[in-house]
Amino acid sequence: MNKLMHKAGVFAVYLLLAINAILVLGPITWTVMASFKPGVNLFSSSFTDFSFTLDHYRALFTDTPYLQWYANTFVLAFSNMAISIIVVTMTAFIFSRYRFKGKRNVMMGILVIQMFPAFLSITAIYVLLSKLNLIDTFTGLLFVYVTGSLPFMTWLVKGYFDAIPTSLDEAAKIDGAGHLTIFFEIILPLAKPILVFVGLTSFTAPWMDFILPTLILRSEEKMTLAVGIFQWIASNSAENYTLFSAGALLVAIPITLLFVATQKHITVGLVSGAVKE
Amino acid sequence: MDTAMDQPRVANKLPPLSVFLMGGTQLLNRHYIKGCFYLLVQILLVLFATDLLTALEGFITLGDTAQHRVGFKIIHGDHSIHMLVEGVLAIFLTVAFLAAYLLNIKDAVKITPCTIGLKQQLRAFYDEHFALIMLTPAGIAALAFIILPILITVLVSLTNYAAPAHIPPKNLVDWVGFRNFLSLFELKIWSSTLLGVGSWTVIWAVCSTILTFGFGFVLALALSNRDIAGKKVWRVIFMLPYAIPAFVSLLIFRLLLNGIGPVNSIINGFGIESIPFLSDPVLAKVTVIAIGVWAGAPYFMLLIAGALTNIPKELYEASEVDGASRFQQFKEITLPMILHQVAPSLVMTFAFNFNNFGAVYLLTEGGPINPEYRFAGHTDILITWIYKLTLDFQQYNIAAVVSIIIFLFLSLIAIWQFRRMNSFKTDVSMR
Amino acid sequence: MYYHNLNYDLAANSMKPIYKNLAFALSLLSASTAYAEQLIPEKNAQLLIWTDELAMDYMDYATEAFNETFGYDVQFRFRQLAPMNSAGRLIQDGGTARVADVAEIEHDMLGKLVVSGAVMENLVSADRVDKEFIVSAASAAKADGKGYGFPVSYATTALFYNKDILAEAPETFEDLIAFSTTFNNRTENRYALLWDVQNYYESRMFMSLYGGYEFGQAGSDADDIGVNSEATKRGLAAMLKLKTANDSNPVDMRNTQVRRGLFTEGKVAAIVDGPWATKSHLESGVNVGVVAMPTLEGQHPRTFSTVRLAVVSSYTEYPVAAQLFADFLASEAMLKKRFEMTKSIPPLNHLMAEIANSATADEATKAFIAQGFYADAMPSIPEMGYVWSPMANAITASWVNGETPEKSLDNALMVIKEQIAFQE
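Chains as they are written, first to last, in the numbering used here: chain A, 1 to 277; chain B, 1001 to 1431; chain C, 2001 to 2424.
Heads up, some of the hints might be wrong.
No farther apart than 25 Å at their CA atoms in a straight line, the calculated lysine-lysine pairs in the PhoX-like style are these [stated by the list, open to error]:
1) K192/A x K1232/B
2) K2417/C x K1188/B
3) K2366/C x K2337/C
4) K1331/B x K103/A
5) K1313/B x K1331/B
6) K3/A x K1313/B
7) K103/A x K173/A
8) K101/A x K1106/B
9) K264/A x K1231/B
10) K1331/B x K7/A
11) K2336/C x K2131/C
12) K2146/C x K2131/C
13) K3/A x K1331/B
14) K173/A x K1119/B
15) K1232/B x K264/A
16) K1188/B x K2407/C
17) K264/A x K1313/B
18) K2417/C x K2407/C
19) K2366/C x K2163/C
20) K2146/C x K1073/B
21) K1388/B x K131/A
22) K2146/C x K1388/B
23) K2407/C x K2131/C
24) K2343/C x K2131/C
25) K3/A x K1231/B
26) K131/A x K1188/B
27) K1073/B x K2043/C
28) K1188/B x K1388/B
29) K1231/B x K7/A
For the record, the hints were derived by calculation from the structure and aren't laboratory data.
All figures in this text were calculated on a predicted structure; none of them were measured in a lab.
So that you can see chain A by itself, here it is in the shape it has in the complex (with noise of 0.2 Å):
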């Protein structure tokens, strides 16, 4: 009796992940069949159509800026990613290991700051931009990108030093260590998987987003991807679905292999930084 029970549990836990795996594998196997499929009108495309053409993937490389705009998109989630990394652990190390005045305070306006969009004052950041004269320049989106993820992935990276072990840097530090030395031969290399989670999340950012860009970026040689394939499809008098299916299957699948491959790393990310309390 028991085991029949158990049995039906189990039954129904797998029935649960199939339901589940059919409801993500869908859409995504519609959006593949889509990319294969002539023409440029996918509202009467059904999930039974099976016509295929490679014209979409051939037209993104030899119609469209779209290589451009991936290269556009690689240098602008490096550059992210690097500036980010930088930048937060070394804020992230003075928050976890130092005392100064109006300390708590500041930690407090971190985490309001951390929960609002850059996007809330976009005009302001505009008219800022534009006094710089970085309207229209990678520079200016990557100001607004580092800084923007900076308040959160500081609360999150200092979330992980703290539970490094003062003794190490105590330990180091009679035996004559700098501020500088135990930050980069203590606490960077004990450091390494929220490092990696950073990385990733400041590196996808570029590929996700597509807001700011449109705010900031003009010029169509220097689009990102995000921008560059939805205007294929925002403007009505030139849409282009399957052209779009094509060119968001290619962003997805190296941003998802990478998400695969360092998937350890994102949970520990997630744990130790959003979970730790």
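Given chain A, work out where chains B and C should sit, using these hints.
Positioned in the frame of chain A, the structure of chains B and C alone reads:
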């Protein structure tokens, strides 16, 4: 961060030199670094004093002649919004200068002659102010791109910066006090939009957060079940929505769920009429939440899967000895332990969803149209409404007011969370 | 003067008026002679052009012709941008980021652009525009009595129908209603008639059946708002009858691709569309016919007509080159070429008459020109910007939620008035 107060020294009858020449006393006492710094501040002030005053004046007037054109030639005028920004910067600098001046005097009063050389002074400065030096890049960035924009947003809400009549540089912008706030709360069509959109924003944020958490929890539990095979594969499949850029999946859903889209054509195949997933006011809201859960559940799945491994095995073993059922174990061990661990993430997710622009805009663009609203549809949340006000209608002033409302609301929640956290563990996180 | 030497063979017959009016316009300026001599593009001028996807190939051609015809050496760059977005970008980015030197907009945005100072007056051919273009284009190019735009095409909507479904062109909407009772089927997405119901641009033709209007009879009087006049209410009530013929879910049909897609699949008997879609309809393989709007309750629906305008940004660094190029786009030769390449209807009096009477011109263009007799130019005063959303709301309230035209339109008037007052 300064050194502790020394014993008060014999009072100098004369005011210290620093009152007139910043850093003077410090230099006389051979505190070269401090002295030069204060001196530099004063030199900069003297050099830019007129600019500072012009900027402060411009901040008050916001300009009096706009740019215009005679024939093919442009006659430049005042750009009100740039003047506003320069004014804010000028105020920042003035306050910073006053602070530096006061510090300078305070320091001069209690100064003792320096006995160490310049090199050692540098060394001591580095040691003493290491934290400050390291925080400078982040501090400047945060000041320039977080604090300053928020301030400017607040100021813009007090102006008439809106299309068509008040767009610089061809037109001037003026201060209008709290008129925008009054209009938003008093004019019926604005206030009912604010109320309607605002309450839906809260409902959306709460529902999507709780459901995302719930589904993530269920998936994590299912994957932690001892009797399930192929966990790695399942996990990778369920991770996909987290890894695929959200804008891609949202736009795909928009196509799939259209009234005549593929999903409905399957439904029609069974002879059932199309379901208006995105076009019925109530159903569209449900759909927006459901898709939000689709995209967000993996985050909690990963998070909770991690958190589950943090629960000590002994707890379960002990309760098994006590004869607790699996359900009791769940209720008394798993759930509270998990909730305790992910509570901060829940608040974070709430704030994130509260401002989750893409989840709404890419799926429905705020639609379907709500005849009772102004510039907003049934599924618009505050931030998408701001987007429309800003980009489609250039109503920057009203958009700023709505932004401020969001700021205030989220700040309250953040402060509440901070309090709660502090009461949990008083100073460990503040170490 | 400089223009004597120009080899303007592309537009030989229109050369004289251009020259004459150019000189006239210039003489109005204080430093007229000085300007006249300078009227060649600035050295190393580099113009950024914004136009929509359909006109890209034509634009390529026009820029080359511009340099070739006059022997100029102006550099051109293009950016594909829908006219709707162009206006917003000009206002938002003007004076901040690089905006187009010459952009194409729909004329209803002109008022807003002028008030916000984003566009520059037509300094080279305002007078020619006034004289040679059809009345609605000439007035569309003006704001506050001054010429700003260079008209490049004229558009209104007409009825596209599937000849395999409807043997004869519908003469009345009542015909379509009758036909729909046996034809329509929601689960199969079969509809006798489709249009973007929630879009005032398309639904307006019914609301003006009995003389409804927006801003006075001339479309320029912001104090005389006619959206809740008895005529408009009667028009909206008449439109509601069409729910039988068009019983689709209007939200799903907001997307042009959906409507055209269904029409192409042969599931829809007739749809409302404009000249910009003619090409794709003709190429879609549907046996398509185009006629001017049928009557409803014996009245002719009055469609909105729009004029595509080239405008010169006030922030351009090369105002002369930009003005000359914009003017070139509005020259007869170019308008003709554009018609050949994109089916855009040239808003020039005699070209339009020529096309309407020509035996070879296509059915669609003729239908649009015919509908032009029952079309009102979309108002271009800035206040027009406040009409769209309240009217879409009013239509939705009546069409979807069953509100009476009385109530929904009175409400629309209140919102429009409130918004206008708020801006002052």
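Problem set entry | Unsatisfied constraints (hint numbers, rising) | As far as the earlier hints go, 4, 22, 23 and 26 are violated by this structure, in ascending order.
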